[in-house]
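Protein chains: 2
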Amino acid sequence: MKWEDNVRKVVPYVAGEQPRKAKMIKLNTNECPYPPAPGVAELVAKLDCGDLRLYPDSHTTPLVNILSEYYGVKPEQIFVGVGSDDVISMAFMTFFNGDRPILFPDVTYSFYEVWAELYRIPYKTCALDEDWHLRPEDYRQPNGGIIFPNPNAPTGVLESLETVEKIIQANRDVVVIVDEAYIDFGGVSALPLLEKYDNLLVVQTFSKSRAMAGLRIGFCIGSEKMIRYLNDVKFSFNSYTMNYPSQVLGVEAVRDDAYFKGITGRIVNTRERVKGRLRELGFTFPDSRANFIFARHKTVPGEQIFQALRENNIYVRHWNKPRISEYLRITIGTDEEMDTLLSFLENYLAAS
Amino acid sequence: MKWEDNVRKVVPYVAGEQPRKAKMIKLNTNECPYPPAPGVAELVAKLDCGDLRLYPDSHTTPLVNILSEYYGVKPEQIFVGVGSDDVISMAFMTFFNGDRPILFPDVTYSFYEVWAELYRIPYKTCALDEDWHLRPEDYRQPNGGIIFPNPNAPTGVLESLETVEKIIQANRDVVVIVDEAYIDFGGVSALPLLEKYDNLLVVQTFSKSRAMAGLRIGFCIGSEKMIRYLNDVKFSFNSYTMNYPSQVLGVEAVRDDAYFKGITGRIVNTRERVKGRLRELGFTFPDSRANFIFARHKTVPGEQIFQALRENNIYVRHWNKPRISEYLRITIGTDEEMDTLLSFLENYLAAS
Numbered sequence: 412m413k414w415e416d417n418v419r420k421v422v423p424y425v426a427g428e429q430p431r432k433a434k435m436i437k438l439n440t441n442e443c444p445y446p447p448a449p450g451v452a453e454l455v456a457k458l459d460c461g462d463l464r465l466y467p468d469s470h471t472t473p474l475v476n477i478l479s480e481y482y483g484v485k486p487e488q489i490f491v492g493v494g495s496d497d498v499i500s501m502a503f504m505t506f507f508n509g510d511r512p513i514l515f516p517d518v519t520y521s522f523y524e525v526w527a528e529l530y531r532i533p534y535k536t537c538a539l540d541e542d543w544h545l546r547p548e549d550y551r552q553p554n555g556g557i558i559f560p561n562p563n564a565p566t567g568v569l570e571s572l573e574t575v576e577k578i579i580q581a582n583r584d585v586v587v588i589v590d591e592a593y594i595d596f597g598g599v600s601a602l603p604l605l606e607k608y609d610n611l612l613v614v615q616t617f618s619k620s621r622a623m624a625g626l627r628i629g630f631c632i633g634s635e636k637m638i639r640y641l642n643d644v645k646f647s648f649n650s651y652t653m654n655y656p657s658q659v660l661g662v663e664a665v666r667d668d669a670y671f672k673g674i675t676g677r678i679v680n681t682r683e684r685v686k687g688r689l690r691e692l693g694f695t696f697p698d699s700r701a702n703f704i705f706a707r708h709k710t711v712p713g714e715q716i717f718q719a720l721r722e723n724n725i726y727v728r729h730w731n732k733p734r735i736s737e738y739l740r741i742t743i744g745t746d747e748e749m750d751t752l753l754s755f756l757e758n759y760l761a762a763s
Numbered sequence: 412m413k414w415e416d417n418v419r420k421v422v423p424y425v426a427g428e429q430p431r432k433a434k435m436i437k438l439n440t441n442e443c444p445y446p447p448a449p450g451v452a453e454l455v456a457k458l459d460c461g462d463l464r465l466y467p468d469s470h471t472t473p474l475v476n477i478l479s480e481y482y483g484v485k486p487e488q489i490f491v492g493v494g495s496d497d498v499i500s501m502a503f504m505t506f507f508n509g510d511r512p513i514l515f516p517d518v519t520y521s522f523y524e525v526w527a528e529l530y531r532i533p534y535k536t537c538a539l540d541e542d543w544h545l546r547p548e549d550y551r552q553p554n555g556g557i558i559f560p561n562p563n564a565p566t567g568v569l570e571s572l573e574t575v576e577k578i579i580q581a582n583r584d585v586v587v588i589v590d591e592a593y594i595d596f597g598g599v600s601a602l603p604l605l606e607k608y609d610n611l612l613v614v615q616t617f618s619k620s621r622a623m624a625g626l627r628i629g630f631c632i633g634s635e636k637m638i639r640y641l642n643d644v645k646f647s648f649n650s651y652t653m654n655y656p657s658q659v660l661g662v663e664a665v666r667d668d669a670y671f672k673g674i675t676g677r678i679v680n681t682r683e684r685v686k687g688r689l690r691e692l693g694f695t696f697p698d699s700r701a702n703f704i705f706a707r708h709k710t711v712p713g714e715q716i717f718q719a720l721r722e723n724n725i726y727v728r729h730w731n732k733p734r735i736s737e738y739l740r741i742t743i744g745t746d747e748e749m750d751t752l753l754s755f756l757e758n759y760l761a762a763s
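Protein chains in written order, with this note's numbering: chain Z, 412 to 763; chain B, 412 to 763.
A couple of the hints might just be wrong.
Copies of the same chain look alike in the list, so a pair counts if it works inside one copy or between any two.
[What the hints assert, rightly or not] Below are the SDA-like pairs computed for lysine to any residue, each with C-alpha atoms no more than 20 Å apart in a straight line:
# : residue 1 : residue 2
1 : Lys485    : Lys636
2 : Lys420    : Arg511
3 : Lys420    : Arg531
4 : Lys420    : Pro533
5 : Lys457    : Pro446
None of these hints come from the bench; they were simulated from the model.
Quantities reported herein were computed from a predicted structural model and do not represent experimental measurements.
Next up, chain Z with everything else stripped away, as it sits in the complex (with noise of 0.2 Å):
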């Protein structure tokens, strides 16, 4: 025997470049093209060193406490996690653990498919519908769990609450999980459901709308008993994950408000100006409320307009996969830097 007979074997992952050139245009990973609020820095400058020697709030006290004032739920409702990756797949760990498929679509964030496969929790997708939205019919087989981004990502397309309801209703004897990372760019969010259903699970983050990718905090709201069996599993085998600076840090993203609905605003009118462009250089793409555009061209394809962007240095992203090939998942920053995009897209598909 080898020690290498034991190593698990997993399936590499390519994860989307993180080129840092002094000059590109970053539209690849939806990161926020605005600095965090400004308050952050001032936290900074009176951040105490000496503080790092100890170990971390291990219940994250102060973010959980401004978001339960902030969305107007119990902090035993919130549960806080190292990005909201960490919160789902903590989410998956916990409640995804019967015999049934859990079901997400076909195309969807390509990590509930990883989790899936980490945890050995069966799966199955179902077919988003010819306007890439979701068929609430295929949500009442029976299932082990649900789960899906709203708006949906790479779409960009939102469900409506009375969709996002119909589900949940179908399914009272399972975990609904909304993935909502992309809500706060125009989209309702689920969260009054979670009044009348204790089986509901709200996910989002502070990597897209409060401009924070950089320190890693994602959060979830459900009924107690949820957040409770949350925890417990957590802490079962990791309590210090989330590190000093940013439970520090990521409470003034919370606290300044009318910055966090500024930025996402901007983004929201970006994003809206930079449709009717793409519309008239002759891409379609269904309706976003993220803050991205999942377009493709009429004539020219996706793969080589991907490639044209990143020999001139505009990063987007491009999946080889069936049903988006043809497509770019283009991410909204600021107006400049979406000028130069429409820009070089004018010039090159003249040329095309």
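Go by the hints and put chain B onto chain Z.
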């Protein structure tokens, strides 16, 4: 069926208490009593908060590079995680996938058992001898992997490099993990053995000797092959775990070697002085090479001393577990803190 039927049932874990009182003396979680290197504050002052909007470098390149220089190994031999808990948990998942039980001591870091249960890895504990030392012959039985801390926790007992090598030599067909969380307080690291053994993984942390428990930084060093396997598993399910502040500030803890040697040297000096005084007060203990002392009193029960200290705002650690229920694990604080502890014990024991 109810949604709760699918919930993962865990044994609720009670973490060591983390009280934050103004005048308390906190000797219960092996934190460093001194602040991080002074350069950390300078780096914090220079932190560009605008960078927080971007995802952090998923390869933690600056940290990996400085650790590579410091320890004289290739960057490809280093894996960095969110505290050594994250690193070890990932190593369990990656390397302990056989059917044979993994082996670790009966008295040791309590999370080994937890991760084994979590990942459904069979395990077997080997009893320490009467002097709290490993018995190398125990580690000659068929197994699926081995892990032990050196120095061991909570005993503080250091095994010689000869003992460590003997165990590795007898187990070339499995991965042997040496958890060196407390190696910087006078221990001899197994790192030089990496040149001979490609199945050895050495884990260390910034939480104790580098005074950065609040940043959550751990790392391990092994053969390039092992680190590649670890990265494959990590990247297969979570690319962005260590946040931006930890990546930036952690570098300084390695760069300022004089400060690092200064504070670890001070802690060692304090420890040796405290050993003498504890002996005079009627305590016995194995000879610690860590930043704590694992001591019992000749006549007064451990639980009783623990409670008396606690009522006087001095926090140490006590477990109601077989073999160790009479012992207290006392973290080495500043000289002043230790003098307060010793004075209290002197008066308390005189009155008992």
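Against the structure, the hints come out as follows:
| no. | hint | result |
| --- | --- | --- |
| 1 | Lys485 <-> Lys636 | within (12 Å within a copy, 48 Å between copies) |
| 2 | Lys420 <-> Arg511 | between (25 Å within a copy, 18 Å between copies) |
| 3 | Lys420 <-> Arg531 | both (14 Å within a copy, 16 Å between copies) |
| 4 | Lys420 <-> Pro533 | both (19 Å within a copy, 19 Å between copies) |
| 5 | Lys457 <-> Pro446 | both (19 Å within a copy, 16 Å between copies) |
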